[in-house]
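Trainee: These are the residues of each chain, in order.
Number of protein chains: 2
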Amino acid sequence: MRGATKKSFGLVLASGLLLCAFWHTWRPRSSSRVSIWQKQGSAIKKLLEEKSQDSSKDYGDIPYHVKEEVARRLDQNTCVCEADKETVHLPFSHLLFPRVWAHDLHQALLDIDPDPDGTERHRAQQYNDFQIRTYTSADMLIVAEANSPLQYPTQGVEVRPLKTVIIPGLGVKEKPRSRHVVNLTATQGTFDVAATVDRVSITGAGEMSMALSSTHLSSLNRQLQFVTYTNTIFHPRTADTVQFASGEHQSFFTIKVGHRAIPKLYKSGSSGDYNISALVTIATKTFLRYDKLQDLIDSIRQYYPTVTIVIADDNEHPKPVTGPHIEHYIMPFGKGWFAGRNLAVSQVSTKYVLWVDDDFIFTASTKLEKMVDILERTRLDLVGGAVREVTGYSATFRHTISVEEGGEEGDCLHMRQDYHHDIEGFPNCVVADAVINFFMARTDKVRHVGFDPRLARRGHLEFFIDALGIMHIGSCSDVIIDHASKIKLPWGKTETEKNYERFRYSSSGQERNLHTELFYFKYRFKCMTSN
Amino acid sequence: MRGATKKSFGLVLASGLLLCAFWHTWRPRSSSRVSIWQKQGSAIKKLLEEKSQDSSKDYGDIPYHVKEEVARRLDQNTCVCEADKETVHLPFSHLLFPRVWAHDLHQALLDIDPDPDGTERHRAQQYNDFQIRTYTSADMLIVAEANSPLQYPTQGVEVRPLKTVIIPGLGVKEKPRSRHVVNLTATQGTFDVAATVDRVSITGAGEMSMALSSTHLSSLNRQLQFVTYTNTIFHPRTADTVQFASGEHQSFFTIKVGHRAIPKLYKSGSSGDYNISALVTIATKTFLRYDKLQDLIDSIRQYYPTVTIVIADDNEHPKPVTGPHIEHYIMPFGKGWFAGRNLAVSQVSTKYVLWVDDDFIFTASTKLEKMVDILERTRLDLVGGAVREVTGYSATFRHTISVEEGGEEGDCLHMRQDYHHDIEGFPNCVVADAVINFFMARTDKVRHVGFDPRLARRGHLEFFIDALGIMHIGSCSDVIIDHASKIKLPWGKTETEKNYERFRYSSSGQERNLHTELFYFKYRFKCMTSN
Chain W
1 MRGATKKSFG LVLASGLLLC AFWHTWRPRS SSRVSIWQKQ GSAIKKLLEE KSQDSSKDYG
61 DIPYHVKEEV ARRLDQNTCV CEADKETVHL PFSHLLFPRV WAHDLHQALL DIDPDPDGTE
121 RHRAQQYNDF QIRTYTSADM LIVAEANSPL QYPTQGVEVR PLKTVIIPGL GVKEKPRSRH
181 VVNLTATQGT FDVAATVDRV SITGAGEMSM ALSSTHLSSL NRQLQFVTYT NTIFHPRTAD
241 TVQFASGEHQ SFFTIKVGHR AIPKLYKSGS SGDYNISALV TIATKTFLRY DKLQDLIDSI
301 RQYYPTVTIV IADDNEHPKP VTGPHIEHYI MPFGKGWFAG RNLAVSQVST KYVLWVDDDF
361 IFTASTKLEK MVDILERTRL DLVGGAVREV TGYSATFRHT ISVEEGGEEG DCLHMRQDYH
421 HDIEGFPNCV VADAVINFFM ARTDKVRHVG FDPRLARRGH LEFFIDALGI MHIGSCSDVI
481 IDHASKIKLP WGKTETEKNY ERFRYSSSGQ ERNLHTELFY FKYRFKCMTS N
Chain Z
1 MRGATKKSFG LVLASGLLLC AFWHTWRPRS SSRVSIWQKQ GSAIKKLLEE KSQDSSKDYG
61 DIPYHVKEEV ARRLDQNTCV CEADKETVHL PFSHLLFPRV WAHDLHQALL DIDPDPDGTE
121 RHRAQQYNDF QIRTYTSADM LIVAEANSPL QYPTQGVEVR PLKTVIIPGL GVKEKPRSRH
181 VVNLTATQGT FDVAATVDRV SITGAGEMSM ALSSTHLSSL NRQLQFVTYT NTIFHPRTAD
241 TVQFASGEHQ SFFTIKVGHR AIPKLYKSGS SGDYNISALV TIATKTFLRY DKLQDLIDSI
301 RQYYPTVTIV IADDNEHPKP VTGPHIEHYI MPFGKGWFAG RNLAVSQVST KYVLWVDDDF
361 IFTASTKLEK MVDILERTRL DLVGGAVREV TGYSATFRHT ISVEEGGEEG DCLHMRQDYH
421 HDIEGFPNCV VADAVINFFM ARTDKVRHVG FDPRLARRGH LEFFIDALGI MHIGSCSDVI
481 IDHASKIKLP WGKTETEKNY ERFRYSSSGQ ERNLHTELFY FKYRFKCMTS N
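First to last, the sequence lines map onto chains W and Z. The working numbering applies: residue 1 is where the first sequence begins, and numbers increase by one. The working numbering applies: residue 1 is where the second sequence begins, and numbers increase by one.
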């Protein structure tokens, strides 16, 4: 009987322990429920917009005279795409005098889309979605009130999610009164104090609204030096607008809330001693040109015997491409140009990636060290070189790209053969928005931008449109690579060359439709100009 | 003679025209030279730092009492990684009571690196580089002065590169005086006015420093409503700090300069009617498990007959994997896990990508529509599901991740089996920082984060560390996929299963070194804790 009691007791104890363990590990946690619906605006935003409208009505009775040359530069949300008029009517005048041409994407849409109204509505809805998704209250217009007794930080306050930070710079400098009171209000966090000061009373510590008051202004200001903000509603990257008020004066400022960007550091060489194989991977895509690809590889090996070469290959009948430090990737047949580019860069594990076409040839002027040097020593993310044709002419294909706002119809894209400015310290280099297809870039940035795999046959400037606002781009004309000759008489071409040209240069309706869809829908352009 | 004269004249004319054409097209442009060296700080930053230090000395004589429970939450730049002490000494206690373990990465570095001091210095230098590269003056702390007569915008003013914008909200509300004067100064652009107002004189219009003055305060304020800023020094993404001053009062505010983010819009279905094949691509990587892969494909086809499946394959002897809507990519043998993941997602052309492992099985509970629905209707970028083992147990692998600052030694990484909060409107879903390897996500965001191709054998949470601050992550326990059984007795395993386990689970020193290098160097952590 005693043994049985012992056993039962043991079982009860063990069950009890197990239950405790389960409870400890898997207890239902009391969890707050948070709405993360797409939603626009907020009470504070409305309040600020009203204040802004009110103040702009001030002085409305004082007349003004428009200064045309400045006023015309302002963005009116009504951009247009205008082609140059043809002024010189000569044969080949367009070669001698490159003109700006314009392309109406909305019209192109009407030509190909069976339901253009539906597409327009769909685009507007997707764009609205995009704006809600990317908006934070850190983008909102806030105007600091004049003659306010409030002192507060207008930028630079950040806190990691669910963490606490002291709010720097808070103060109130008002005339003496019987009692000085300040209020702080937030919507995604709470206030408290890291230290208390005598003669200051605090209500709402640990809550989203806290009031501090004192009969002694200096004590209140001392207390304000210890005010903390704790983010309590989790979000990986957002902003909380704090209202700081005293009497009839209100001020607003933003606290950025979110995970900080984690660094992605790479080991690097030192200036003058760059280990190219450790720092750079060469990436290319090949199709129907194994002979040219082999020429490229042989030329690389003359100067960089151990640099890794990544090859994306979408041939119908792939052949092996072998050798030390060569990585060969086989894709579905004809998957395409940008898909191949995206694949190749996805495999790079060095800090920099060098893009080359499979019909380039390295020469003694193809000094990758120069490209690494400018990327290491400046804030550039990408630097293009020059591609030399058999004629001796070198192309850098520098372009500037700008986008003007066009309201609901979409924006206007403008591309020009031009560059922004020279670069101090690098005599043959300039800054631009797009360059030729021979460039070295920070691998992480290239992957961030990406090559849209929908661009199967052709694509170049699309990558640089995707790069706007992400990459700082340069171009150096003294890093030169040769282009295996394209100038061939028709009867001199090989069968593979003819196949290649047939595949690549045939302009299909499907391709034009894809271009329209990308530019009209994906980027939300209404028209574009280029020269 | 006359004919010869005509010819000569014609030649001269033609040459003249050609020269004009050349000149017009390729005239050397007068281009400004701009320095884009890595450089830290600026005159304004120093000035603001001094002001900040001065004001924090105010009230220094007033004593305070530290409020411990708040003060201890503040980031001291001295984070630590502490393991839980073992309190219950029972067999399997670590299973019943999961403890927090800690890993000292600096110590691990000392164990494997022949030159740890060199590595530490190198890391510090790369981190310094990263900080310079990512810093803009929009991050700088600015404090608004109390009782200043100046009114100005403290946030929300943006301009595209080289464009012009009206600065909203400028004003000066001071006591009457003989002459009212305000000054505006910038470093990356110039000021002007879009309209002029009588009785206001302007000096420096079109320059980086402009002064407005008037005997009539209301006229001056009217004039201030038309002040414009034009960015003149090109940068794709930066900020200009404007100094706005009157008499002894100064204020500072930021104008963000840069290309706006171009939208990347996709066509989408409407709620309740999602076309999964148009919206989602399924991506996976396979190695040594073609049988399981085929089971996966067959199970997908039962529910989604036309959805595209992208397969990255790094087998030594690849076999064909065919079928409609299947894309099969061959990689170099053993290139690796994360390289395969990065390859697969690089090929996706739909709005969303669904990641699955090659040994998962779709069931009637694997409702992709649910995942699309939450991604369409909230701001989530990624949503994980649940993986059901043969025992019936479903895992969601939800984790929270936080990073604490640790000063020069590096930061502290903390990972916990936990989640942040429930999601309103989605009863079985929560927000977390990491989830299980069955998830749907916005393709562009996944590519932005990327899978580091250096992680050859193992990797999971590294993707989510890279995602911090980039992706908003959720997890829904009601979208379930089955996991082809892993629980097999040793004598029941096939040869391929044994090979797979040997390849995958053998823990090599090389792999541990890679882990240390990534966490210590790439992410700049000094230690980590996890449970």
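One thing to keep in mind: the hints can contain errors.
To list a few chain W residues with every Cβ distance to chain Z over 10 Å, as calculated [as the list claims (entries may be wrong)]:
#, residue
1, I62
2, T78
3, A102
4, P153
5, A194
6, D198
7, A211
8, Q223
9, T230
10, H328
11, S349
12, D359
13, S402
14, P453
Stretch by stretch, here's where chain W covers chain Z in the computed footprint (C-beta under 8 Å, at least three residues) [claimed, not checked]:
#, region
15, 125 to 138
16, 384 to 395
Note that these hints are calculated values from the structure, not bench results. Fair warning: this is a prediction, and the values are worked out from it, not measured in the lab. For glycine and all other residues, C-beta sits at the position ideal for the given N, C-alpha and C.
Trainee: With reference to the structure, classify each hint as holding or not holding.
Mentor: Comparing the hints with the structure gives:
1. I62: violated (4 Å)
2. T78: holds (15 Å)
3. A102: holds (19 Å)
4. P153: With a cut-off of 10 Å, P153(W) comes too close to chain Z, as the shortest Cβ separation is near 5 Å.
5. A194: violated (4 Å)
6. D198: violated (7 Å)
7. A211: Its Cβ never comes within 10 Å of chain Z, the nearest being 17 Å, so this holds.
8. Q223: violated (8 Å)
9. T230: violated (7 Å)
10. H328: The claim is violated: H328(W) sits with its nearest Cβ about 7 Å from chain Z, within 10 Å.
11. S349: Contrary to the label, S349(W) does not stay out of reach of chain Z, its closest Cβ about 5 Å off (not over 10 Å).
12. D359: Non-interface label on D359(W) holds, nearest chain Z Cβ at 23 Å vs cutoff 10 Å.
13. S402: Per Cβ check, S402(W) is inside 10 Å of chain Z; nearest 7 Å; violated.
14. P453: violated (5 Å)
15. 125 to 138: With 7 residues closer than 8 Å to chain W, the region 125 to 138 of chain Z meets the three-residue bar; holds.
16. 384 to 395: violated (count 0)
Taken one by one, the earlier hints fail for this structure at numbers 1, 4, 5, 6, 8, 9, 10, 11, 13, 14, 16, listed in ascending order.
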